[in-house]
Amino acid sequence: MIIFLLPRRTEGGWTYTSTVGVALHRDGRPNMSDGQIVVDGLVKHYRQVRAVDGLRFVVRSGKVTGFLGPNGAGKTTTLRMILNLVRPTAGMATIGGVRYPDLRDPIHTVGAVLEASSAHRGRTARNHLRVISTAAGLPASRADEVLELVGLAPAARRKFKGYSLGMRQRLGIATAMLGDPTTLILDEPANGLDPEGIRWMRNFLKGLAAEGKTVFVSSHLLSEMELLADEVIIIAAGRLVTQGPMEQIIKSSTAQTTVRVRTPQADTLTLSLKELGGSVTAGDTGALLVTGLEPPAVGAAALRAGVELHELVAEQPDLEQVFLQLTEGKAVIR
Amino acid sequence: MTRAIRSELLKIRTTNTWWLMGLGMVLFTGLALLINGLNAHFELQPQTIDDDAPAEIREEMIREENERYSEVHSAAGIAKIAANMYTSGQFFGVLFIMILGGLIVTNEYFHQTATATFLTIPHRTKVIVAKLFAAVVLGFGGWLLTTVINLATTAAVFNYEHISMSLDRWDVHRTILLNLAAFAVWAILGVALGTLIRSQIGTVVTGCVVYLIGLAAAEVVFGLVHAYLIKEDWVITAEVIVPSIASMIMVTPGEMYPHAAPQWVGAAVLIGYALVAGVIGTLITRRRDIS
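One line per chain: the protein sequences are C and D, in this order.
Take 1 as the starting number for the first sequence in the numbering used here and just add one per residue.
Take 335 as the starting number for the second sequence in the numbering used here and just add one per residue.
Don't take every hint at face value.
Okay, the calculated bits of chain D under chain C, using three or more residues with CB under 8 Å as the criterion [to be verified]: (1) 347-357; (2) 444-455.
Pairs of lysine-lysine, DSS-like flavour, derived with a Cα cap of 30 Å [unchecked claim]: (3) K251(C) - K274(C); (4) K63(C) - K206(C); (5) K274(C) - K206(C); (6) K161(C) - K460(D); (7) K63(C) - K251(C); (8) K460(D) - K159(C).
One-sided excerpt, in silico: chain D residues whose CB lies under 7 Å from chain C [claimed, not checked]: (9) R337; (10) A338; (11) R340; (12) S341; (13) L344; (14) D386; (15) I624.
Quick caveat, the hints were computed from the structure, so don't treat them as lab data.
Glycine included, every Cβ here is placed at the ideal spot set by N, Cα and C.
Work the whole structure out from these sequences, hints included.
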């Protein structure tokens, strides 16, 4: 196969665009539907640790994709490699088909909120945003617009050191929105937000995805992620565990439905459930947790044994259970 | 590139550091002007010769004093005093500018703003070059500030002493311009030091040690080598490889001390250091993981 390399003048010098395979970038700015993130065999070795070990996945546009993994799974390192902040040992990542450093107007294409993204303590939020707008060639008025967007306008002229954690997260989002990007990458954006802030963030990100943008969010908060994400990517120990739509991931899991029953005659019921092949453990406040049997079977067994029931609830596995099951034993400290 | 430079200048303008440093510079320049002004005043006075001295020695002393007095009051003598006045505050001003240059870089790591900076401008070389430009602008600002204060104060002092400000002389112009060169080169050295060291406190301490203690330490070391090991004059000339000595040689008209290297060598050494440190710092920054 012959690959033609066409030289093209960019701001930073000459870029060579291959003419086969994916059309890399006709004008350096991918269109809306093109903002997908492709991670292709990313590897990062630190001295002793394989932080990221051959990771491969695709984040599609028009959806919120959750990026999950235990502590030290390599989430932050992966996000930073996508953004050219950390050099991969091998592999590469593209956004809309273009490597981050080759983007002509990076912050018009990608907005990022990273855990460590911060501002000079002595600089006001507005000036912080103006510094970045200036570097990106945006008008200073854009700073005021994004402050309005995230609800920080009243605190615009306050110095960063006076900001609460929640306000800092909002400023991070404002920074990411400066260039009105087609792709958003957020590392633990819910950290430090109060319940109202978390709900605001959820609606905000869902709204962006509805506009066709690519939204890629890492988080530890699994219940929050279940409400927010359409798709999930789960990694552990630097490797991909699973990827797919949220519902499918939860359904396909082998985590079983648990039936919670409450009865004054716990011993009798336990006996008859065990005869049917169910396993019974004592839950909190005297309830019994039954696995291996469907709710109707549990109800029928109680009727046959003449046991009085006060409660019978089927508990579906949630993302947390699926996550714990999938990453069990992989969350070792490395 | 223009955007990157404007962004760097805005970064400097939107925090307190620049005017605090400016204030420090004004204070030290004022102090230096006071000392230099008093020196100039006493140098310009005729000195009284002790009446008790034996006649033949006294005659010799009067002759020497007359010679000194006419030399000081010659056009070249006045120009020398003027040049000294016009560069008052250079020693600490340059130190402040170097520290500011270092902070331009280390602030990015200390306040974790490097992430946002490199996300906006992924070509890191461009960021460093913009910082170098911004540092030179700062150096120019520092030079302008101190020079304006020096000119105004000197005008008042020289008016009182009834001597010429010597602003029509090339040697005076040259000294003022070399003062600017010192501010610019040390600003660049500060940026280079920041990219190499990255730690805020590490950069400031290293900068101060190189600038302040390096001078004295070098004189002791080179003096000892010259006295006991290599009794050749080139050892003394070689002192120019120490940055702070190179700087002083660069800004001092004529020979700073016996066997000192020529002025241009001082300038070349400083520019060499700025280039080497800048290139190494840029290469490191390009490869560095930002986390």
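Now the hints, each set against the structure:
| no. | hint | in the structure |
| --- | --- | --- |
| 1 | 347-357 | holds (count 4) |
| 2 | 444-455 | holds (count 10) |
| 3 | K251(C) - K274(C) | holds (26 Å) |
| 4 | K63(C) - K206(C) | holds (8 Å) |
| 5 | K274(C) - K206(C) | violated (45 Å) |
| 6 | K161(C) - K460(D) | holds (29 Å) |
| 7 | K63(C) - K251(C) | holds (20 Å) |
| 8 | K460(D) - K159(C) | holds (28 Å) |
| 9 | R337 | holds (5 Å) |
| 10 | A338 | holds (6 Å) |
| 11 | R340 | holds (5 Å) |
| 12 | S341 | holds (4 Å) |
| 13 | L344 | holds (5 Å) |
| 14 | D386 | violated (64 Å) |
| 15 | I624 | holds (4 Å) |
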